[in-house]
Amino acid sequence: MYKMAVVGEEEAVLGFRSLGADIFTLSRPEEGARIIAALKRGRYGVIFLTERAANTVPELVVAFDDQPLPAVAIIPGIEGSMGLARTRMKKIVEKAVGADILFQERG
Amino acid sequence: MEIRVSATRMQLLATRKRLEMAERGHKLLKDKLDELMKHFLELINAEHKLREEVEAALLLVLPAFLEARATMSREAMEGALLVSRAQSKIEAASRNIMNVKVPELTWVIGEAQDVYPYGFYGTSAALDDAVEGLTKIMPKLVELAEVEKSIELLADELEKTRRRVNALEYVVIPNLEETARYIVMKLDEVERGNLTRLMKVKEIVRKKRA
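Heads up: the protein sequence lines correspond to chains A and B, in order. In terms of numbering that gives the first Met the number 0, the first sequence opens at residue 0 and continues consecutively. In terms of numbering that gives the first Met the number 0, the second sequence opens at residue 0 and continues consecutively.
Hint data in this document are derived by calculation from the structure and do not stem from the laboratory. Any given hint could be a false lead.
Unchecked claim - Calculated cross-link-like contacts (lysine-lysine; reagent style DSSO-like; alpha-carbon spacing at most 27 angstroms):
| no. | chain 1 | residue 1 | chain 2 | residue 2 |
| --- | --- | --- | --- | --- |
| 1 | A | Lys94 | B | Lys31 |
| 2 | B | Lys100 | A | Lys90 |
| 3 | A | Lys90 | B | Lys37 |
| 4 | B | Lys48 | B | Lys135 |
| 5 | A | Lys94 | B | Lys100 |
| 6 | B | Lys159 | A | Lys89 |
| 7 | A | Lys90 | A | Lys39 |
To be verified - Restraint ranges, calculated between C-beta atoms of paired labels, are given here:
| no. | chain 1 | residue 1 | chain 2 | residue 2 | range |
| --- | --- | --- | --- | --- | --- |
| 8 | B | Thr70 | A | Gln66 | 33 to 43 angstroms |
| 9 | B | Arg8 | A | Gln66 | 49 to 59 angstroms |
| 10 | B | Asn95 | A | Asp65 | 14 to 24 angstroms |
| 11 | A | Lys94 | B | Ala124 | 41 to 51 angstroms |
As the list claims (entries may be wrong) - Which bits of chain A does chain B cover? Going by a derived footprint, with three or more residues having C-beta under 8 angstroms, they are:
| no. | region |
| --- | --- |
| 12 | 1–8 |
| 13 | 11–22 |
| 14 | 56–68 |
| 15 | 71–77 |
| 16 | 80–90 |
Don't be surprised by glycine CBs; every beta carbon is placed ideally from N, CA and C.
Please work from the sequences and hints to get the whole structure.
Below is the structure:
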């Protein structure tokens, strides 16, 4: 069994507390390293990052790229989606296929 | 590229064998690439759909928590959420796509019978709604995470395979072909040289007899 973690600004992660996920609040970039270290120590299966957290500490997004677990997913904060997750997928596709074949028509 | 082989029949045979092997490898890898790409595109489409769904749902649910907080005291809210007995866990299995291990995640909530992890006293209905809404989309959220991770892992494998295919197609195979051609030409040249020498010798011999 793995744990679930949510990293983000206080207002956005509030709700996940009710589900018993591990909550890491993050407001300043300096906190990033500490959180990554904590995430590496724990056995996490899924880590949700709010867009604002992903923006503040970009390392969070790529910290677990080469491992099968945990899966990191970006979720929108309260103010709505800035399309960060889509940009990330787009980059991955471009790297794999060598061209942007998917997102042109969808913008 | 410079060719450094001795132009012998042995070398020619060896080179041809390697060429054959490289071509077979290339074909296999290309098939693998196509198949990987098929799975990859499927996942991409699934991800796209899931993300749209999840983002729309989250945009309704997350503000609901803020709303709930507005209708009750901060302490009551924090208290209600902190005492939560619910334990979100992730069950992980793994699945094999073209020899790439991708995770299969399921969201498990302990003591699932009781979704609301707090008493009714001092908490608002808005909080109940918010918690319920979030609970509903959690499985989708976890699935999204799973699909995105799979895409990431497959992308790595795709890139590696594509590199190998290209290396074989544009470097290894042309090189081997050139080597084989070089050896054939060299051998032909030696053959011609031999022939003229023989003719010359025969002529000398004939002249001596005459």
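### Task
Please flag the earlier hints that this structure goes against, numbers listed from lowest up.
none
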